[in-house]
Amino acid sequence: MLVIVVGTGVIGCAVAWELATRGASVRLLDQREVGAGASWASAGVLCPWLDGSYTALTPMLAESSAMYEGLLARLTSATGRTVEFRRNGTLEVALTENELPRLEAIAHAHAKHGVPHALLSAAQAIALEPALNPGACGAVHVPAHGYVDVPALVQTMADAAERAGARIRPFAQVLDLGSSGSGVLVTGADETWSADAVVLATGAWSGRLSVSDAAAAPVRPIRGQLLRFRGTSNPTHSMWSAHGYLVPWSDGTVLVGATHEDVGFDESNTDDAIASLTACAREMVPSLADAPLIDARAGLRPYSADGMPIIGRSSSVPGLTWATGHGRNGVMLAPLTARMVADLVLEGRAGAFDALSSPTRFGL
530 MLVIVVGTGV
540 IGCAVAWELA
550 TRGASVRLLD
560 QREVGAGASW
570 ASAGVLCPWL
580 DGSYTALTPM
590 LAESSAMYEG
600 LLARLTSATG
610 RTVEFRRNGT
620 LEVALTENEL
630 PRLEAIAHAH
640 AKHGVPHALL
650 SAAQAIALEP
660 ALNPGACGAV
670 HVPAHGYVDV
680 PALVQTMADA
690 AERAGARIRP
700 FAQVLDLGSS
710 GSGVLVTGAD
720 ETWSADAVVL
730 ATGAWSGRLS
740 VSDAAAAPVR
750 PIRGQLLRFR
760 GTSNPTHSMW
770 SAHGYLVPWS
780 DGTVLVGATH
790 EDVGFDESNT
800 DDAIASLTAC
810 AREMVPSLAD
820 APLIDARAGL
830 RPYSADGMPI
840 IGRSSSVPGL
850 TWATGHGRNG
860 VMLAPLTARM
870 VADLVLEGRA
880 GAFDALSSPT
890 RFGL
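First residue of the sequence shown? That's 530 in this note's numbering, and the numbers climb one at a time after it.
The set of hints was computed from the structure by calculation and includes no laboratory data. These numbers were taken from a predicted model, which means no experiment stands behind them. Heads up, the beta-carbon is just placed ideally off N, CA and C, and yes, glycines get one too. Any given hint could turn out to be false.
[What the hints assert, rightly or not] With beta-carbon atoms standing in for the labels, derived distance ranges: (1) 603 with 821: 33 to 39 angstroms; (2) 603 with 800: 41 to 47 angstroms; (3) 819 with 530: 51 to 57 angstroms.
Based on the sequences and whatever the hints tell you, model everything.
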């Protein structure tokens, strides 16, 4: 079976690799270079139980996050490359006494759902994480949370997909999709392709793509800005406050994020965001006051109209499968999305989460 995957972010590369390893002939197309979109501006957080918000999406996040150990082991076996990944735990911190009720509510939600955690006093939090602001009032610790190096992950999955036989075409802009006999016709700016099946993993641009006989995908871009500092006395845990988060990497850098801005397709960084994120980082970890800023990044997260991902077969274009609308959760949901898509495309097999994420709820 020939499958064209459109989009080379974390979702598209995960899907392409899964399909290729399961025997499909895969072509991977993107209007940019591999991983040049939202994946580049991701801190890679794997935190399915963040802030105690338990929704219909939480079981998907938890199952997919738990797949990372196996995914990365297979990736190393396929490529000989190791992608940075740690379950270093998270601390959600209260920097004022007024924020303590929020921590108590988070801890209560974790207890209700059986998630291992600890509600820490100020002294306990600082003992666990000496880099934390000494004026902090408390924290909630979730040891199972972690992070992955997303740019490296995307590039390594693309490499693994190629080793499994996939062919990657960067700078191939797709303009239109439609039915063609027993398959799908993909019309590009300079070329036309036909395939037995097509997977749309075009992220924030999904709503701009013309799909014959289908409504426009209700996916809008939300800009997330991210900073990278080089610290000296960095924390060991990822940390969240009411104003943002930071993730320490093993190379001595600290990623700080992130904004949530409805500004269309503007991917630029702003002085205001740099200032506010810098203040957020220094408020949590005072030692970052002297840390040099290495770079600022911005990416467009694809948010669907109802906040849930859009994963599944099109009801209007035979052979088309959607894999978009993941919002800020693309990295967490990539392993599960790849499995769901491959099961549908190659075996026609639906899984436990297919009804929840089905494109048919939007008439797609």
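Hint by hint, here is what the structure shows:
1. 603 with 821: 33 to 39 angstroms: Holds, at about 37 angstroms.
2. 603 with 800: 41 to 47 angstroms: Roughly 43 angstroms apart at Cβ, these two residues keep to the hinted range, so it holds.
3. 819 with 530: 51 to 57 angstroms: holds, 56 angstroms
Comparing the model with each numbered hint stated earlier shows that all of them hold.
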